[in-house]
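Protein chains in written order, with this note's numbering: chain X, 1 to 195; chain P, 196 to 372.
Among the clues, some could well be false.
Straight-line C-alpha distance at most 30 Å; calculated DSSO-like pairs for lysine-lysine [what the hints assert, rightly or not]:
{"#": "1", "chain 1": "X", "residue 1": "K194", "chain 2": "X", "residue 2": "K56"}
{"#": "2", "chain 1": "X", "residue 1": "K135", "chain 2": "X", "residue 2": "K192"}
{"#": "3", "chain 1": "X", "residue 1": "K112", "chain 2": "X", "residue 2": "K36"}
{"#": "4", "chain 1": "X", "residue 1": "K112", "chain 2": "P", "residue 2": "K279"}
{"#": "5", "chain 1": "X", "residue 1": "K9", "chain 2": "X", "residue 2": "K72"}
{"#": "6", "chain 1": "X", "residue 1": "K112", "chain 2": "X", "residue 2": "K192"}
{"#": "7", "chain 1": "X", "residue 1": "K135", "chain 2": "X", "residue 2": "K72"}
{"#": "8", "chain 1": "P", "residue 1": "K279", "chain 2": "X", "residue 2": "K56"}
{"#": "9", "chain 1": "X", "residue 1": "K135", "chain 2": "P", "residue 2": "K349"}
Stretch-level coverage of chain P by chain X, calculated; a stretch enters the list once three of its residues show a Cβ under 8 Å from a Cβ in chain X [stated by the list, open to error]:
{"#": "10", "region": "266-272"}
{"#": "11", "region": "275-288"}
Keep in mind that the hints were calculated from the coordinates and are not lab data. All C-beta atoms in this analysis are idealised placements derived from N, C-alpha and C, irrespective of residue type, glycine included.
This is what each chain is made of:
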Amino acid sequence: MDVLALTQKFPQTQNLAGQDMTTFAVNSSELADIVKYLRDEQGFDLLADLCGMDWKDRTPQFGVVIHLLSTKNREYVRLHAPCVDDTVPTISDIHPGANWHEREAYDMFGIKFIGHPDPRRILMWEAYPYHPLRKDFPLAGIEVPFPAADVAAVTGQTVEPAPMMGGPFVSSGGLMSGAEPQALDQSWNEEKPKS
Amino acid sequence: MVKSDFGYNSKIEGEVIVTRADAVVNWVRSHSVWPMPMGLACCAIELMAAGGSRFDISRFGMEVMRFSPRQADCMIVSGTVTYKMAEVVRRIYDQMAEPKWVVAMGACASSGGMYRSYATLQGVDNIVPVDIYISGCPPRPEALLDGMMLLQEKIRQEGGSLKRTFRGRTVDTKIVS
Ligand code: SF4
Chain X
1 MDVLALTQKF PQTQNLAGQD MTTFAVNSSE LADIVKYLRD EQGFDLLADL CGMDWKDRTP
61 QFGVVIHLLS TKNREYVRLH APCVDDTVPT ISDIHPGANW HEREAYDMFG IKFIGHPDPR
121 RILMWEAYPY HPLRKDFPLA GIEVPFPAAD VAAVTGQTVE PAPMMGGPFV SSGGLMSGAE
181 PQALDQSWNE EKPKS
Chain P
196 MVKSDFGYNS KIEGEVIVTR ADAVVNWVRS HSVWPMPMGL ACCAIELMAA GGSRFDISRF
256 GMEVMRFSPR QADCMIVSGT VTYKMAEVVR RIYDQMAEPK WVVAMGACAS SGGMYRSYAT
316 LQGVDNIVPV DIYISGCPPR PEALLDGMML LQEKIRQEGG SLKRTFRGRT VDTKIVS
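Could you build the full structure based on these sequences and the hints that come with them?
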């Protein structure tokens with residue numbers, strides 16, 4: 001790809017010297033223009049992936065990563081775009097395939113995509129109050145009402161935190177045969193409560 | 196069929212069979228289970244295998260899989276039940292006509308399995324009464340067949356009314372016969 005042409009056209013774009021593919025940090029206000037420019041002028045005609053990021057202690061905390069593929073030149077490019085007030089402009093009008101990816105990034109991280117044609121959740125149900133892939137969200141979940149009120153009335157069920165029993169279960173590394181997944185904290189289990 | 200349920204000796208009774216209504220109703224029911232394949236994840240593949248010619252669920256009289264809950268009386272929950280899908284599972288269960296049974300196939304349906312997470316219902320028995328639990332991740336088709344035969348056994352032992360316990364409450368559903 002023509003790195004020089006890109007950085008001359010968008011001077012705020014920063015080449016991050018990615019190890020596996022060309023990587024740029026881009027300004028989120030220019031994101032849509034850059035994606036469009038890469039598609040029309042540099043042949044990056046396929047959106048390979050779009051996902052959210054949570055940097056936890058950085059500001060801005062959230063960002064979006066976009067992988068584009070040029071099917072002509074067989075080349076990838078990666079764009080990092082930090083959010084502004086947890087928002088980024090949508091690119092679903094440039095690559096229609098971004099539509100569901102953006103809904104997932106919204107669902108899991110709470111990143112809002114300005115101009116998205118259908119900004120609903122995609123995995124969790126619409127009334128769910130949290131964004132579960134955020135770093136401060138516990139894997140086990142937080143108690144909330146059951147999605148359907150009438151089913152909850154019959155069953156008395158709520159969305160409960162899953163019993164972790166010292167989990168999450170992780171492999172200790174090394175050869176697969178000797179690395180059974182184990183709970184990180186084995187000092188408690190079903191019989192022995194957490195002290 | 197338990198032997199004592201039928202009294203039949205062709206020399207004495209001719210063409211008359213003496214039995215109890217419960218026994219004959221249960222016998223008929225146990226051999227015409229119409230399952231509703233509630234396939235939600237990988238376990239559903241083994242459920243399909245059980246329906247294929249190699250394992251052949253029809254040998255035991257329960258091959259009539261119906262994708263409409265109104266034509267089925269046994270829901271085989273095969274797969275991971277997420278909270279989002281749980282509502283649908285319960286609605287489909289409610290649409291099935293009595294008498295009805297539920298089989299929780301695999302670790303996920305029985306207990307949430309390996310999915311100890313915010314998205315997964317920890318066992319389908321939290322929202323519907325389950326008759327048979329089948330272990331395995333996934334259970335082999337033989338295990339499913341074994342579970343279904345256990346269900347047949349259970350149906351054969353049912354009385355004139357179907358008493359089910361669900362979350363500590365006894366639900367009594369009278370059979371109209
Ligand atoms: S029990 Fe195992 S095979 Fe069955 S649905 Fe769960 S993960 Fe898949």
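Against the structure, the hints come out as follows:
1. Of the supplied pair hints, the one linking K194/X and K56/X holds, its CA atoms being roughly 28 Å apart against a limit of 30 Å.
2. Under the criterion of a C-alpha separation no larger than 30 Å, the hint pairing K135/X with K192/X is consistent with the structure, at around 28 Å.
3. Taking the CA atoms of K112/X and K36/X, the gap is about 20 Å. The hint holds against a cut of 30 Å.
4. Of the pairs offered as hints, the one joining K112/X and K279/P holds, with about 22 Å between alpha carbons and a cut-off of 30 Å not exceeded.
5. For the suggested pair K9/X and K72/X, the alpha carbons sit about 22 Å apart, so the restraint of at most 30 Å is met.
6. A threshold of 30 Å between alpha carbons decides the hint, and for K112/X with K192/X the separation of about 43 Å lies outside it, so the pair is violated.
7. Among the hinted pairs, K135/X with K72/X is inconsistent with the structure: their alpha-carbon atoms are about 38 Å apart, more than 30 Å.
8. For the hint pairing K279/P with K56/X, the CA-to-CA distance comes to about 28 Å; that is within 30 Å, so the pair holds.
9. Simply put, K135/X and K349/P have alpha-carbon atoms about 48 Å apart, too far for the 30 Å limit, and the pair is violated.
10. Counting residues of the region 266-272 of chain P whose C-beta lies closer than 8 Å to any C-beta of chain X gives 0; at least three are required, and the coverage claim is violated.
11. Check result for the region 275-288 of chain P against chain X: holds, 6 residues qualifying (beta carbon to beta carbon below 8 Å, three or more required).
Comparing the model with each numbered hint stated earlier shows that hints 6, 7, 9 and 10 do not hold.
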